[in-house]
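Novice: Okay, here's what each chain looks like letter by letter:
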Amino acid sequence: MNHLKAGKFTGFIFYMIILLFIVIQSYPVIWVVMSSFKSAEDIAGSAPYAFPASLYLGNYAKALFSSKLVKYFLNSTVVAIFTLIGIIVLGAPSAYAISKIKFKQNEKLLTFFLIGMMVPIFSCLIPMFQIYNDLGLRNTYLSLILPQVGFGLPMCIYLYTGFMRFVPDELMEAAAIDGAGHWTKFLKIMMPIAKNSTVTIIIYNFVSIWNEFTYANTFMTKDTMKTLPIGLNDFVGEMGRRDWGATFASIVIAILPTMIIYFILNRQVMEGMAAGAVKS
Amino acid sequence: MKPKNRLEPWLFSLPAIIIYTGVVIFPLIWSITYSFTNWSGVGNKVFIGLDNYIRLFSDKTLWTAFKNNIFFMVVGTTFQLIAGLVMAILLTNITKGSNILRVVYFIPCIISSMAICKIFEKMLSVQPLGVIPAIMKFMGLKPIAFLSEYDLALLWVSLIDGYKFCGLYMVIFYSAFMNISRDVVEAAYLDGCNRFQQYRYIRLPLIKNIFFVVLVILVNGTLKGFDVSYILTNGGPGNATELVATYMYKTAFSMSKFGYGSALAVFILLESLAAVGIVRLFEARSHKNE
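Protein chains in written order, with my numbering: chain A, 1 to 280; chain B, 281 to 570.
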């Protein structure tokens, strides 16, 4: 099983390929961090792959203090928090009902939700736009929260039912105080047991909500309501020339939260996103 | 477990049903009804029967977008399958540090497509010189503005989109490899199976199911490709990187042709359902052949 047995030369090639992938997969991020510390002259004057001449912080100052980036950051945070709450608060009880309460339409209800996994968002975008326009929801947080909750529910319910099904009824009965109703069982027993599923669902959705582009680009036209991904398109000054330094700094600020969460919870993030992809 | 009364399960699920129906199911049905009308977003919808659908067949831009999308699908799927598999195989073959390696390999997956596109826009630019043309120049080649070359832009769009997601398939393949029983691989090793044969005859056939799952995700995902093309090249130069979803989006939201845009939206729905059906068919056939 040891690759070193395969001979020194193949071993060398093997490690070179590993290294090549490391460089390819991480270089863009390293590069953008490096470039964000370059002054305008440095960006224009030095080779694009060179290290910054000095640790110039002007780009960050510009991104934080003379642009709306902080507001975009806030918008993204509000949308992410409420979307996640919405998905869990609506999804978990439905999954509980489907998997733990006996009624005639259990399976039909699950199928009804699963249909949503096959629906491309582009097939719903035009009527959504129309509805939000008529209800005056464009340029409100709701216009980003609602569609992402709706499209997030099928996955959430699927993952939760997959888990809750295998929690034995006896366990729930034994742990519940005599005569406890379903709401008590759901809140006091099921939700704590299903903690891992909740973490998976939150992480998977957080990454996609934080990076969401299409809804934000369609429904948020007002400058103050933009989210981070859309806001990165700012910093185009006179004559359409882009202020790349400030753009790089904003990119670093925008990817920082996902990066931090990722480095702390990397296993859960990778497994959560893979589970999300496989199930949809 | 039994409900307290007939209403109880619905109390648990009604809020989700309402939101989900309002967000996904209603708009889907409305899209289909809009597709039979001529409508600019304001004013009356005029019922025109199948006219929008007949128009689909003679719409040259749509067929260009469709052709591009097939290319995008084939290149993107192949690239991501191979990159994901190679990374997963590398990981299964090292003893130390595989976790750190996995973390690094996965980085592009958690970055927004907007950020990725902005980074690549700058790295690929020729004026001022970006990293990639600079490397070409260093190697004695003539720097090319890839994104403004009619023949190369789509390839780069496909690769950048694939680059963003290939880490996901690494994780999926890696955990599939890890789930293979050690005994099987060990037995093969004792029988004198070399590394290549191990993958060719044992590990890869054993993860065939996962392979098809990944194929479905990739085909389905690339057929709805949107972000990279829309942000990085906005479909250009000319129509070189126009995809079906970007064409639909522009038709509806830039040209205000909501009726025709809805017909394109239905086209996207049918196209991805058909593609998934085809992959499933192949899967069923490959199981029969065993």
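What the hints contain is simulated information worked out from the structure, not anything from laboratory work. Backbone N, C-alpha and C fix where the C-beta goes; we use that ideal spot for every residue, glycine too. Some clues are possibly wrong.
[Stated by the list, open to error] Over 10 Å on every C-beta distance to chain B, these chain A residues come out as not near it, computed from the model: (1) 12; (2) 21; (3) 25; (4) 35; (5) 58; (6) 60; (7) 140; (8) 169; (9) 175; (10) 193; (11) 274.
[What the hints assert, rightly or not] DSSO-like, lysine-lysine: derived pairs with alpha carbons at most 27 Å apart: (12) B:537 / A:108; (13) A:222 / B:282; (14) B:376 / A:195; (15) A:104 / B:537.
Novice: Look at each hint and say if it fits the structure.
Specialist: Taking the hints in turn, this is what the structure says about them:
For residue 12 of chain A, the requirement that its beta carbon stay farther than 10 Å from each beta carbon of chain B is met, with the minimum near 14 Å. Non-interface status of residue 21 of chain A relative to chain B is broken: a Cβ of that chain comes within 10 Å, the nearest being about 6 Å off. Residue-level check failed: residue 25 of chain A sits 5 Å from the nearest beta carbon of chain B, not beyond 10 Å. Residue-level check failed: residue 35 of chain A sits 8 Å from the nearest beta carbon of chain B, not beyond 10 Å.
Interface exclusion of residue 58 of chain A from chain B stands, the closest Cβ pair being 18 Å apart, more than 10 Å. Residue 60 of chain A, annotated as away from the interface, keeps every beta carbon of chain B farther than 10 Å; the closest lies near 16 Å. Even its closest Cβ contact with chain B, about 15 Å, leaves residue 140 of chain A beyond 10 Å, as expected for a residue assigned away from the interface. A cut-off of 10 Å between C-beta atoms contradicts the statement that residue 169 of chain A is not in contact with chain B; the least separation is 5 Å.
With a least CB separation of 13 Å from chain B, residue 175 of chain A remains clear of the 10 Å interface cut-off, as annotated. No beta-carbon of chain B comes within 10 Å of the beta-carbon of residue 193 of chain A; the shortest separation is about 15 Å. Interface exclusion of residue 274 of chain A from chain B breaks down, the closest Cβ pair being 4 Å apart, not more than 10 Å. Between residue 537 of chain B and residue 108 of chain A the CA atoms are separated by roughly 36 Å; this puts the pair beyond 27 Å, and the hint is violated.
Distance hint between residue 222 of chain A and residue 282 of chain B is unfulfilled; the C-alpha atoms sit about 50 Å from each other, more than 27 Å. Restraint check for residue 376 of chain B and residue 195 of chain A: not satisfied, since their Cα atoms lie roughly 31 Å apart, outside the 27 Å limit. Between the alpha carbons of residue 104 of chain A and residue 537 of chain B the distance comes to roughly 44 Å, so the proposed pair goes past 27 Å and is violated.
Checked against the numbered hints above, the structure breaks hints 2, 3, 4, 8, 11, 12, 13, 14 and 15 and satisfies the rest.
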